[in-house]
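Take a look at the letters that make up each chain.
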Amino acid sequence: MRRGFVAYAGMVLALVLASSVRAQATTDVEVKVTSSSETHVYLDKGRAAGLREGDIVVLEPRGAAPVRATITDVSRTHCRARLEDRRAMVALGVTGRVRVPKSRLAKPAETQERPGRRTPEHPPWTGKLPREGDDIPLLAPIRTRGPADRPMRVFGRAWLRATGRDNRFASDNRYLLAGAGTESVVQNPFAYGGEVRFRGDLSYRKSQLEFVPDESTTRFRVDRLSYRAGHASDDTVRFQVGRFLQTLAPELGLVDGAEVDVRVADGSRVGVSFGGFPEPQVDRNSFDDTQATVFYRYRADVEHAFEVGAGFQKTWHRGQADRDLALFDLFWQPASRMSVYANLWVDYYGASAVNKSQGFEVTEFRGGGNWAINDSNGLGVSVDYFVWPELLREEFRPVEPTSLRNDHVLRSVLSTWHVLSDHVRFDFRIAPWEDQSGSGLAGDARMTLSNVLFEQGYVEFDVFKSDGTYEDAVGGRVTVGHYDTVYSQTLALELSQHDYEREPPLSTAFNQAVTASFDWHALSATDLSLNLDYRFGDTQDTLGLGLYLQTRF
Amino acid sequence: MKVCSLRPGLAYSCLAYVLLAFACTMVASPMVYGPVQGWQHQRGPVVPHDKFPDDCSLCHVGAGWHKIRADFEFDHKAKTGVELKGAHKKAECLRCHNDRGPVKKFADRGCRGCHEDWHQGTLGPRCEDCHEERDWQPKAMIAKHALTRFPLTGAHAGTACWRCHEGAQVGNFKRASTECVVCHRDALTRALNPNHVANGWTTRCQRCHSPVGWQGASFAHPFVLTGPHRTTCSNCHTTPGNYGLYSCFTCHAHDKTQMDDTHKDVTGYVYTSTACYTCHPGARK
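Protein chains in written order, with the numbering used here: chain A, 1 to 553; chain B, 1 to 285.
Source of the hints: derived by calculation from the structure; they are not laboratory data.
Please note that a few of the clues may not be correct.
As the list claims (entries may be wrong) - For each label pair, taking beta carbons as the anchor points, the in silico distance ranges come out as:
(1) P281(B) / T402(A): 46 to 52 Å
(2) R69(B) / V264(A): 42 to 48 Å
(3) H131(B) / V452(A): 22 to 28 Å
(4) H184(B) / E434(A): 22 to 28 Å
(5) K104(B) / A310(A): 44 to 50 Å
(6) G171(B) / F360(A): 54 to 60 Å
The beta carbon of each residue, even a glycine, is placed where N, CA and C say it ideally should be.
Could you build the full structure based on these sequences and the hints that come with them?
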């Protein structure tokens, strides 16, 4: 009995002592709300009062239940705290308490800014105040700097790249593409606003093919060199001269010339462009073909994007009338998780057309939509239709008359994705196609396991089927990926079976592929990518290597 | 505008210059341009601050508040609901948040809201199907090509993109025809044994060849070649270069008089190899 009493008394004493020590170890700092936003409040105490990120604030509105918040940002004299209950209404002036360890207050060195980080005194105020004599410099109106006040600024990126492929199956063919280039923007070059854009690339490519002489070319190519004035969508007048991609309708191609577009009403713009048509080959020859375009675009100023465009392009090939092309496009977000797009090219052929009937013909259509049903499920659909246009201009290889008359491709893709948990995701795609010689069906299914086998990594399992013009393939692929803040790497193994559509005997082959990539982001503005692709098996023996080094400035 | 085609010496000089410039940029950029997320005060107060904390020193230091604190961090996902990945995570804030208009207006349009479509709209708006945000380098394109009607295997898996898509180097992947002859016309004219053009074999190469390579061609002979028929082509196809013509009489020494007599009751009988084969396919009796 006596021993029990002693033990009980000891416990009580220990509790009293513990609470006493605790009371001495912490103290309450009183704070007051100075400002509030939807989810946060700003308080009148900061690091100097011993507050730190993560501290809990208990606010005590009059006549209401206490509201808890967590400090997210702290300066020397103020802090910002996130409300735990977003629906809570906290008025200015509401007071509260933050329990902080006394040890924070005991070390003066921690309560002050570290040397070099102390906010310096503000220099003498030179801005003109709205009313003289009002000593309210912080309420002075903001004066936007105009182009004349802003200095010129240059930014962009530069890259080095090299890719090589060596095919040793059946014949010995090698390809190499190497180059260096830069894409730069000079903002406000003449103190009138606007910007000069440049993109250039020096490339070397070589092919060593069996039975034919080696070929190599070295080219310096300019893909952009233009001066553009006006960059906001609601600028009254915008123009661009030089070599540029047309602003209102990039589908209509690169132009050596000039464009101007004018805002005609809220959200509506009309633009015209004139100039030569640089060829899409590496040479970028120009002015064999010239073009004139007029384009209209309407972009609704609503919560969700809605824009439509329509344009007409007339081209001439060495002075001879060539193409009459009408282009229509649409982009619409009927809801925040849904988008729809369409792009339609219609050519008009006159009496001079040899392989096309006189009249209008749909040359290209591309359309589709994406819908994220919720955070876990989504689907997308796209349709793609194409026929060869009859042109005097030969962008690439000449198209056979029979192809002009008969060839078409209709391809559609239905894709869905499902997130089962933080660790498991499924993706499915099915892509039927049809052309002048047949039809087929391709598709794949993928399961991704994230952070399951190891942290900061994933494993993907793919199965795919491809029903092509000349072969059918079915196979599987396993990809393992691992990433960190400074690097990421992947390794994939692929197994596939191919049936080639030769008339009998139908031949079957089994192939494998190993692919690997390594990306390094050690420097804040520089990335290095390396990749390897080795394919081997019954009908392939190919090695591909790639390097890409990029720095932003 | 014709852009010059350089002589190799000049080209390598240019390459050396670009390499040097590249190296200098890499070395100098961290010093000249400072850390990412840096505030470019020259642009002026272009970002509305009305929802920012009252205390400027939470973010700014220095005379005139032109500098961002060295320890400034902004959890974009936690504070805006939009996670920045890859290159966007490293981008300077004002590249997106500037005086061109609300970011949401641009972001709603996807990649093309801010970035020029290098492919000129020919590949649709779903950039993420081929690219990822880190360095924008497309990867595993051979696997992605398998979803088209021309999966890449054999020689085609070992071929540079620009051999078929001639505009690949400038982002133009406009369709390439899947007709073999469009790309392989040179190979067709070189094929002299047997002479493909003379025989009229200028289309439907898949009858004999597979897409893995020109070698190892096989074909479906009108009848299965067994026994003595597994012989040199020219024993039957006696007209050089023309495999549409053939003669059975090289081996089958049928006397014309005897054959005429044997077939005297056969309507339409003529003494030619073609006629023999019409009635005796597979060289059967």
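Hints versus structure:
1. Separated by about 32 Å at the C-beta atoms, P281(B) and T402(A) break the suggested range of 46 to 52 Å.
2. Separation of R69(B) from V264(A) is about 45 Å and conforms to the stated range, judged on CB atoms against 42 to 48 Å.
3. At about 26 Å, the CB distance of H131(B) to V452(A) agrees with the hint of 22 to 28 Å.
4. Our hint of 22 to 28 Å for H184(B) and E434(A) holds, since their Cβ atoms are close to 24 Å apart.
5. K104(B) and A310(A) have their C-beta atoms about 26 Å apart, which leaves the hinted 44 to 50 Å range violated.
6. Between G171(B) and F360(A) the CB atoms are about 29 Å apart, so this pair departs from the stated range of 54 to 60 Å.
Hint compliance for this structure: hints 1, 5 and 6 are broken, all remaining hints hold.
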